[in-house]
Each structure stands twice: as C-alpha cells, then as structure tokens.
Amino acid sequence: MNLLDQYMMEVGKHLPRKGCSDLQAEIRSTIEDMIEDRSQQRGIPMDEALISEVLQEYGAPAKVASFYKPTRYLIGPKLYPFFEMVVKIVFSVLTLVALIGASINFIIRGANSQAILLVLQNYGLQYLTGIISAFGNIVLVFAIMERIQPSIEFESESETWTPADLNAEPNPDDVKHSGLIFEILFSTLGLALFNLYPNLIGFAMMKSNTWIFFPVLSDAFFRYLPWINLLWILHILLDLYLLRKGTWQTATHLFNLVLEGAGIALACAMFIGPSLVSLNTEKIAETMGKSANMGINLFSILPQMVLLILIIVESIELLQGIWGLLIKRSARKMILPIVCS
Amino acid sequence: MEHNLDSVQNILLELRRGILAIAVLSQLQKEQYGYSLLKLLSDQGLAIDQGTLYPLLRRLESQGLLQSDWRIVEEVRPRRYYVISSLGQTVLSQLKIEWDNVVATVQKMLL
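Residue numbers (the working numbering), protein chains in the order written: chain C, 1 to 341; chain A, 1 to 111.
Among the clues, some could well be false.
Simulated crosslink set (DSSO-like; lysine-lysine; CA at most 30 Å straight-line) [as the list claims (entries may be wrong)]:
| no. | chain 1 | residue 1 | chain 2 | residue 2 |
| --- | --- | --- | --- | --- |
| 1 | A | Lys30 | A | Lys96 |
| 2 | C | Lys18 | C | Lys176 |
| 3 | A | Lys96 | A | Lys108 |
| 4 | A | Lys96 | A | Lys39 |
| 5 | C | Lys69 | C | Lys283 |
| 6 | C | Lys78 | C | Lys63 |
| 7 | C | Lys18 | A | Lys39 |
| 8 | C | Lys245 | C | Lys176 |
| 9 | C | Lys88 | C | Lys283 |
| 10 | C | Lys13 | A | Lys39 |
| 11 | C | Lys18 | C | Lys88 |
| 12 | A | Lys39 | C | Lys63 |
| 13 | A | Lys30 | C | Lys18 |
| 14 | C | Lys69 | C | Lys18 |
| 15 | C | Lys69 | A | Lys30 |
| 16 | C | Lys176 | C | Lys88 |
| 17 | C | Lys69 | A | Lys39 |
A few chain C residues that face chain A, going by a derived Cβ cut-off under 7 Å, partial list only [what the hints assert, rightly or not]:
| no. | residue |
| --- | --- |
| 18 | Glu26 |
| 19 | Ser29 |
| 20 | Thr30 |
| 21 | Asp33 |
| 22 | Phe67 |
Derived from the structure by calculation, the hints contain no laboratory data. Glycine included, every Cβ here is placed at the ideal spot set by N, Cα and C.
Using the sequences plus the hints, can you model the full thing?
Pasting the structure below:
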C-alpha cells in the first residue's frame, strides 16, 4: 500500500458514512491531479517525495474530512433557549424543595448548631446529587430531541412577527413549543423516577445524628404503574408529533381528549382504590416520637389530596377541550354558507 | 495593530465567502473537474482551498444549481465533472443583477 492509499484510508475513517466512497474518490482524484500537475511543471518523477509534499500541503486527514461534515450539536442553537429555561426552572424547584425539606427538619428536630450542620451536610449532598442528576437527565432528553427532530422549526418571535400580530386573535391551534418540551421533559423524568428509582420516593428524618429514609409507595401503586407508563408514553409521542406538525388538528385534539379522559379514569380508580402509600408506622413512631401521628396522617392523605386536585384540574381541561372542539366546529359551519354564497 | 489586521482579515474572509458561489457558478459555464476549477479560479485571482470548494460544490449541486458526473476523459483516471444547470443559469443571471446593484451602491458610499 503506497502513501496515497494510506492517506485515503485515514481520511475515510473521519468522513461521514453517507457518500464516503464518493468523497474519497473525489479527494483522491484531486490529489492525483495535483501530483501530476506538479510533476509536469517541475519535470520531476511522481515519486514518494512528491506525493509526501502534496499530502503535506493538502492537510491532515482529520482536517480534510472535517470540511465534509455538517456541524453537529449536542443541543443546537434552536433548542438551546428552551434548554436554558428548563434548567433554570428545574434548578429553582430543586432548590426550593431542598430549602423546604431542610426547614421542616429544623422545625421538627430543633435548630441546635450540630443539627443544623448535619442537616446542611446531608441536604447539601442530596441537593448537589439531585442537581447533577437532573442536569444529566435534561441534557439527555434535549440531546435525544436534537437527534430525532433536527428539523423542528423553533422560529423566534422576531422572525415571524408583524405589526398585524398586535391586534390578531391568537390561533388556538398553534402549538406552544415550550409547553410541549416541558411536558416531554417532565414525563420522561417521571418515567425514569417511578420505574428506575421508586425507592427514592419518600421522606428522610434524622435520629441521633443519622438519617433514616422511609420509602412511601405501596404495592397498590405499582399495580397502576403500567397504566401510568402507557399514558405518559402516549403523551410523549403525541407531543413529539405536535412538535413536528407545529399545529393542532381535529385528530390530535381528539386523541388528547381520549388521553385526558383515560388519565381521569385512572386517577379516579387510584382515588377510590387501596392506599398508594405504605408506611412503616412503628419505625416512624420510633424516629419521630410525638410528631409521628401527624406525619403518618399527612402522608396517608397526601396522595388522595393530590389525586383529587388532579381529577378536578384534568376534568376542567377535558371540558375546555370538548367545548373548544364544539365551538370550532360550529364556527366552521357558520362560516361555510358565507363562503359558499 | 495586530488586532486591526485580524479584523481586516475576518471581514475579507466573510466578503470572499459571500462571493464564492457567484464566482464558482460563473466559471462552470464550461464543465470543469475539481482541480481544474481550483486552478481556473486561482489563475483569475481568487485562490481558494479544496476544503472550501468541494463542500460548496456539493451544496450548489444539492440546490440544483450544478450537475455533476464521473467520467474518464482521454484515458486518464476518472474525474468528477461539474457544469452549471439551467436553474443555475437563471439564478446566476439574477445574482449578476444583484451584484451590479451592490457594487454600484457600495461604490457610491465609498466615494
């Protein structure tokens, strides 16, 4: 194998797979033309020394190949503003949760200097781990979105804005990209949390300067988990489809209503079914002392309260969705005769 | 002083980048292979490296402004020949008009 063959093989390693052999052939052809041209001009043979000189001039294989590669981003400039916004919100929420958790511990356990130091040490570590983990998950979700949907057009307002927009009625069928990205992100985080780390869902208390963690999810909850997964995955798929289409259609409206209806049905089943929380009451009483009953009662009714709020909010959204569809259809019926006449 | 030179170089680079497409389209009235096009441009005072030219040729071809095919001419090795397409001719005519307008406008400004 001569020097040029070796060079071309090295260039090939760095070229994009698509059209690699074509690109290699073209680069080789140009190099051979350069060698031939130089040989004729100087009246010297096309030997290794001349080939080496031309290759040196042509450039390092990786650099030559880089000209043919499109610029690739982990998170591209179009998605980056949304990524930044999500990171800020998630970090703020995590900070707030950590502060509330630490405050509750201070209130229950007393705020002596040793306890403060221990709470700060443990919550600080938890907070740091949570921040890093959340950041990694957000990057992962956005990197996947960048890969599977590079063509999503996140037009900035300045690109499409006209003064007429000031008085224009907002189009209810326009897709709100940031909302969908939030939904995809939090559904993915939810799927990861409930399926991969269900034992992390619980609360921690300090006893004799050591932390004791109490997972709270019962077996009943895990019986509902496949249905929760199914609904979240369908929601993610719908959101990705909407991001691609950029607008709501009747079919996507109906599918969304079906998903919301199914979500309400599932929430109702969970509300009237066995408790989603299973607490080790003896251990909690031992750890928390007199305030144990208050904590146990709070955690027993918390899921029911959350579910009730969820059912109410989802039902309102479902009714709004149905109402919106009916209004849209009747408005179309009213417009049609005017257009036809 | 060095900073000024850098700024000049950067602006010149952007200026050249902007005119390369017109220059390449204009030189492909007659078909050329990569190296002959590089030399043709260089002989006329617009030296560019192959790392800039080939991706540009591919982009122009993907936009339908150029056509290319691999051929063996005069018993030499296979070469990829490029030539302007009919769409490229139309676009080049429009670009020439725009170019004349830009030159006239900027010249007026620089007087």
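Hints and how they fare:
no.	hint	verdict
1	A:Lys30 x A:Lys96	18 Å, holds
2	C:Lys18 x C:Lys176	35 Å, violated
3	A:Lys96 x A:Lys108	18 Å, holds
4	A:Lys96 x A:Lys39	23 Å, holds
5	C:Lys69 x C:Lys283	60 Å, violated
6	C:Lys78 x C:Lys63	27 Å, holds
7	C:Lys18 x A:Lys39	28 Å, holds
8	C:Lys245 x C:Lys176	12 Å, holds
9	C:Lys88 x C:Lys283	37 Å, violated
10	C:Lys13 x A:Lys39	28 Å, holds
11	C:Lys18 x C:Lys88	38 Å, violated
12	A:Lys39 x C:Lys63	22 Å, holds
13	A:Lys30 x C:Lys18	29 Å, holds
14	C:Lys69 x C:Lys18	10 Å, holds
15	C:Lys69 x A:Lys30	29 Å, holds
16	C:Lys176 x C:Lys88	19 Å, holds
17	C:Lys69 x A:Lys39	24 Å, holds
18	Glu26	5 Å, holds
19	Ser29	5 Å, holds
20	Thr30	5 Å, holds
21	Asp33	4 Å, holds
22	Phe67	4 Å, holds
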